[in-house]
Amino acid sequence: MLSVLIETLNDEEGLARTLASLIGGAVEGVVRDVVVCDTGSTDQTHRVADHAGCHYVTGGISVGIRQAKGDWLLLLEPGARLSDGWIDEV
Numbered sequence: 001m002l003s004v005l006i007e008t009l010n011d012e013e014g015l016a017r018t019l020a021s022l023i024g025g026a027v028e029g030v031v032r033d034v035v036v037c038d039t040g041s042t043d044q045t046h047r048v049a050d051h052a053g054c055h056y057v058t059g060g061i062s063v064g065i066r067q068a069k070g071d072w073l074l075l076l077e078p079g080a081r082l083s084d085g086w087i088d089e090v
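Take the sequence shown: its position 69, counting from 1, is numbered 69 in the working numbering, and each next residue is one higher.
These are calculated hints, taken from the structure and not from any lab test. Glycine is no exception: its CB is placed at the ideal position from the N, C-alpha and C atoms. Hints may be right or wrong, so weigh each one.
To be verified - Keeping only pairs whose Cα atoms sit at most 25 Å apart, straight-line, the calculated DMTMM-like set for lysine to aspartate or glutamate is:
| hint | residue 1 | residue 2 |
| --- | --- | --- |
| 1 | 69 | 89 |
| 2 | 69 | 28 |
| 3 | 69 | 88 |
What the hints assert, rightly or not - Listed next, with one range per pair, are the computed distances between beta-carbon atoms:
| hint | residue 1 | residue 2 | range |
| --- | --- | --- | --- |
| 4 | 1 | 46 | 21 to 27 Å |
| 5 | 44 | 88 | 30 to 36 Å |
| 6 | 86 | 65 | 20 to 26 Å |
| 7 | 17 | 72 | 18 to 24 Å |
| 8 | 24 | 75 | 15 to 21 Å |
| 9 | 81 | 58 | 35 to 41 Å |
| 10 | 89 | 47 | 28 to 34 Å |
| 11 | 85 | 42 | 17 to 23 Å |
| 12 | 44 | 85 | 27 to 33 Å |
Turn these sequences into a full structure, and let the hints guide you.
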């Protein structure tokens, strides 16, 4: 199972788009957890992460890696959209 890590700074809209593209992976049981690594946002990033059920940490990817529970790590940027069929590829 995957742990998805997303490092972000003031990109709540991009984060929301990326999280929406991960829904299928969560439903299929591919994604174990999503860790949002916030490097100092002053927007609503925290609220977006909480609303989506993500684990929210303050700090960079290294902090998120320590929190991840999956066997594999998938690092994404806010705004990234996974292509159709990504679950089969994993």
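Quick rundown of the hints versus the structure:
The straight-line distance between the Cα atoms of residue 69 and residue 89 is roughly 21 Å, inside the 25 Å bound, and the hint therefore holds. Under the criterion of a C-alpha separation no larger than 25 Å, the hint pairing residue 69 with residue 28 is consistent with the structure, at around 17 Å. As the CA atoms of residue 69 and residue 88 are separated by approximately 21 Å, the hinted pair is consistent with the 25 Å bound. About 25 Å separates the C-beta atoms of residue 1 and residue 46, a value consistent with the hinted range of 21 to 27 Å.
In this structure the supplied range 30 to 36 Å holds for residue 44 paired with residue 88, their Cβ-Cβ distance being about 33 Å. The given range of 20 to 26 Å is respected by residue 86 and residue 65, whose C-beta atoms sit roughly 21 Å from each other. For residue 17 and residue 72, the Cβ-Cβ distance of about 22 Å falls inside the hinted range of 18 to 24 Å, so the restraint holds. Residue 24 and residue 75 have their C-beta atoms about 19 Å apart, which keeps the hinted 15 to 21 Å range intact.
The hinted range of 35 to 41 Å is not satisfied by residue 81 and residue 58, whose Cβ atoms lie roughly 25 Å apart. At about 31 Å, the beta-carbon gap between residue 89 and residue 47 stays in the expected band of 28 to 34 Å. Range check, residue 85 to residue 42: Cβ separation about 36 Å, and the 17 to 23 Å hint is violated. The hinted window of 27 to 33 Å between residue 44 and residue 85 holds, with their beta carbons roughly 31 Å apart.
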